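Enquirer: Sequence lines, in order, name chains D and C. Residue numbers for the first sequence follow the numbering used here, so the first one is 1 and each next one is one higher. Residue numbers for the second sequence follow the numbering used here, so the first one is 1 and each next one is one higher.
It should be emphasised that the hints constitute simulated quantities derived from the structure, not laboratory data. A portion of the hints provided could be inaccurate.
Unchecked claim - Distance condition first, Cα-Cα at most 27 Å in a straight line; then the derived DSS-like pairs of lysine-lysine: (1) D/Lys217 - C/Lys133; (2) D/Lys24 - C/Lys157; (3) D/Lys217 - D/Lys248; (4) D/Lys217 - D/Lys249; (5) D/Lys217 - D/Lys24.
Said to hold, decoys possible - The calculated label-pair distances, taken between Cβ atoms and stated as ranges, are: (6) C/Gly136 - D/Gly291: 34 to 44 Å; (7) C/Gly220 - D/Ala233: 44 to 54 Å; (8) C/Glu238 - D/Arg234: 20 to 30 Å; (9) D/Gly291 - C/Ser85: 54 to 64 Å.
Please read all numbers here as calculations on a predicted model, not as lab measurements. Beta carbons: idealized from backbone N, C-alpha and C, even for Gly.
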Amino acid sequence: MRDPAKPPFLALRGVSKSFGHGAKRTEILRDVELEISEGELVAIVGFSGSGKTTLVSLIAGLLAPDGGTIALRGAPVRGPGPDRGVVFQSYALLPWLTVQGNVQLAVDAVHRDWPRARRRAEAMRFVELVGLAHAAAKRPSELSGGMRQRVAVARALAMDPEILLLDEPLGALDALTRATLQGEIERIWRAQRKTVVLVTNDVDEALVLADRIVPLKPGPGATLGPSFDVRLARPRDRAALNHDLTFKKLRNEVTSYLLELAARRTTGAPGGGPALPALEPLDLRRGAPRGAA
Amino acid sequence: MSGFLELFNLGKTFATPHGSFVAVEGFDLELARGEFVALIGHSGCGKSTVLSMVAGLADPTDGGIVLDGREIDGPGPDRGVVFQSPSLLPWLTALENVRLGVDRVFAHGTRAERRQIAEHHLWQVGLGDVLEKRPGELSQGQRQRVGIARAFALAPKLLLLDEPFGMLDSLTRMELQEVLVALLARTGTTALMVTHDVDEALFLSDRVAMMTKGPRARVGELLSVDLPRPRERAAVLEHPDYYRYRERLIAFLEEQERDPGASADGALAREAASQAAVA
Numbered sequence: 001m002r003d004p005a006k007p008p009f010l011a012l013r014g015v016s017k018s019f020g021h022g023a024k025r026t027e028i029l030r031d032v033e034l035e036i037s038e039g040e041l042v043a044i045v046g047f048s049g050s051g052k053t054t055l056v057s058l059i060a061g062l063l064a065p066d067g068g069t070i071a072l073r074g075a076p077v078r079g080p081g082p083d084r085g086v087v088f089q090s091y092a093l094l095p096w097l098t099v100q101g102n103v104q105l106a107v108d109a110v111h112r113d114w115p116r117a118r119r120r121a122e123a124m125r126f127v128e129l130v131g132l133a134h135a136a137a138k139r140p141s142e143l144s145g146g147m148r149q150r151v152a153v154a155r156a157l158a159m160d161p162e163i164l165l166l167d168e169p170l171g172a173l174d175a176l177t178r179a180t181l182q183g184e185i186e187r188i189w190r191a192q193r194k195t196v197v198l199v200t201n202d203v204d205e206a207l208v209l210a211d212r213i214v215p216l217k218p219g220p221g222a223t224l225g226p227s228f229d230v231r232l233a234r235p236r237d238r239a240a241l242n243h244d245l246t247f248k249k250l251r252n253e254v255t256s257y258l259l260e261l262a263a264r265r266t267t268g269a270p271g272g273g274p275a276l277p278a279l280e281p282l283d284l285r286r287g288a289p290r291g292a293a
Numbered sequence: 001m002s003g004f005l006e007l008f009n010l011g012k013t014f015a016t017p018h019g020s021f022v023a024v025e026g027f028d029l030e031l032a033r034g035e036f037v038a039l040i041g042h043s044g045c046g047k048s049t050v051l052s053m054v055a056g057l058a059d060p061t062d063g064g065i066v067l068d069g070r071e072i073d074g075p076g077p078d079r080g081v082v083f084q085s086p087s088l089l090p091w092l093t094a095l096e097n098v099r100l101g102v103d104r105v106f107a108h109g110t111r112a113e114r115r116q117i118a119e120h121h122l123w124q125v126g127l128g129d130v131l132e133k134r135p136g137e138l139s140q141g142q143r144q145r146v147g148i149a150r151a152f153a154l155a156p157k158l159l160l161l162d163e164p165f166g167m168l169d170s171l172t173r174m175e176l177q178e179v180l181v182a183l184l185a186r187t188g189t190t191a192l193m194v195t196h197d198v199d200e201a202l203f204l205s206d207r208v209a210m211m212t213k214g215p216r217a218r219v220g221e222l223l224s225v226d227l228p229r230p231r232e233r234a235a236v237l238e239h240p241d242y243y244r245y246r247e248r249l250i251a252f253l254e255e256q257e258r259d260p261g262a263s264a265d266g267a268l269a270r271e272a273a274s275q276a277a278v279a
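The following block holds chain D by itself, in its conformation from the complex (with noise of 0.2 Å):
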């Protein structure tokens, strides 16, 4: 929870972002505010489309925003830098180092000072944590796509920044893979208690994970919506979460928020449009009408 005496880790005041010139100028974010505590646990939760990754690229400092300020322990942000580390949804993993050898590449470059040995010890206990043991001396190429997203959590684990981003960082996994995944994301972060803003589009995901859920509207001019506090007792464990009502008063109100949005944002609502002839499907085989005889 958010200690008020103490300045916030991250501050965003009044940030909005546009791409485009003219007429084509297009607004991605407007007046975002978002305050974020040391150690906190923030998911970030809307549709496709909405500017997550925008939001994410600006605290990153891969983007500067047009307006508004965003701040790091009350240092405006100016550009990228190794204590915000970054995952995006784009496994940007090197083709001819193993599965091993582009985790170690982060232990490398974070752990200079140690042995050789540890450094091979350290990037193995990643790798076995997503679950790759058995595919460490393998190749992106010979890895199906949720394997390869494993080695960039892996990755992006292993490099330890101040404040970590998560830009939808399972996504690309099947649910149950994602089930797992995130379990272990929680249990490093308990261990470790980083700062972290997770992005995503799973309210489940974000129940599981996050200590509060800020949903994002969708664009454009997209703003955050209130904060929804997840008061939920940690370990949280998946089939406990199952019965807790506390869990099922809060997945239901965060669904809820976020469908009744994206039914004022489609346009076309379902039902209308000319009615349907009186017209039996043809029998390919027969070539005649199915019903006839």
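Use these hints to put chain C onto chain D, whose structure you have.
Expert: Then chain C, alone, in the frame of chain D:
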């Protein structure tokens, strides 16, 4: 009474460089007319193999499939299929993409009638205002809506859905589930869906068939989902039985996952299936 769709002792064996691989064996399932059944199971367990046999895209090695009293021996427009990717022709508009099949299956109708059929179904999926747009101008969710309209436009006896919303973000997925549930309620179409999304299976299904992990995958357990229809999201989520159902499905999947040695076989099954798809 026999079912509208019967899968009887269905089996599929793939030849691999390491010998034959029995992906599916002794798979039995019956669907009543108008029923919605979801097949859930782990990736690579053989769900899609079963669905492609029903679609007539793969031949069973054992057993058979009967739809409305006739054995399936190849693909046909009496079965509409929606895949994860809608595979729309990029140079055609949404309307023209739907017209492709409509023009063949309703060749005995007038031009105006055929246009009306295609338009009707696009309106039904909420695309009435983008009929003339090409796939490149549509969002991923809208493109999949075209795929759904295209399948329904042929008035199929059976709708086959192979993880149709798997590539969509979870919120768009929920929107499309609502579009689908409304269409099914209105048309009474019988449907078999492959998914690994437990909430999706419960929101849509009358019954959920839980598949064991391959090899020799079959129906391990059937769950009847007695949630009132028409299904409405908030009401479904708040139904006193919802989380009990959900727990049963998750528990089954977890039991399967713990099955020792199953994951290596699952990977082999995927390999065999992808080789079969290439061949």
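Enquirer: Tell me if the beta carbons of C/Gly220 and D/Ala233 are separated by a distance inside 44 to 54 Å.
Expert: violated (33 Å)
Enquirer: Measuring from beta carbon to beta carbon, are C/Glu238 and D/Arg234 in 20 to 30 Å?
Expert: With a Cβ separation near 26 Å, C/Glu238 and D/Arg234 satisfy 20 to 30 Å, so the hint holds.
Enquirer: Can you tell me whether the CB distance of C/Gly136 to D/Gly291 sits inside 34 to 44 Å?
Expert: holds (39 Å)
Enquirer: Could you grab the alpha-carbon distance between D/Lys217 and D/Lys24 and see if it respects the 27 Å cut-off?
Expert: holds (22 Å)
Enquirer: Starting from D/Lys217, check that the Cα of D/Lys248 is at most 27 Å away, please.
Expert: With Cα atoms ~22 Å apart, D/Lys217 and D/Lys248 stay inside 27 Å; holds.
Enquirer: Verify the proposed pairing of D/Lys217 with D/Lys249, using a straight-line Cα cut of 27 Å.
Expert: holds (21 Å)
Enquirer: Next pair to validate is D/Lys217 with C/Lys133; report whether the Cα-Cα distance is within 27 Å.
Expert: holds (26 Å)
Enquirer: Given the range 54 to 64 Å, decide if the beta-carbon distance of D/Gly291 to C/Ser85 lies inside it.
Expert: At roughly 33 Å between Cβ atoms, C/Ser85 and D/Gly291 fall outside 54 to 64 Å, so the hint is violated.
Enquirer: Are the Cα atoms of D/Lys24 and C/Lys157 separated by 27 Å or less?
Expert: violated (46 Å)
Hint compliance for this structure: hints 2, 7, 9 are broken, all remaining hints hold.
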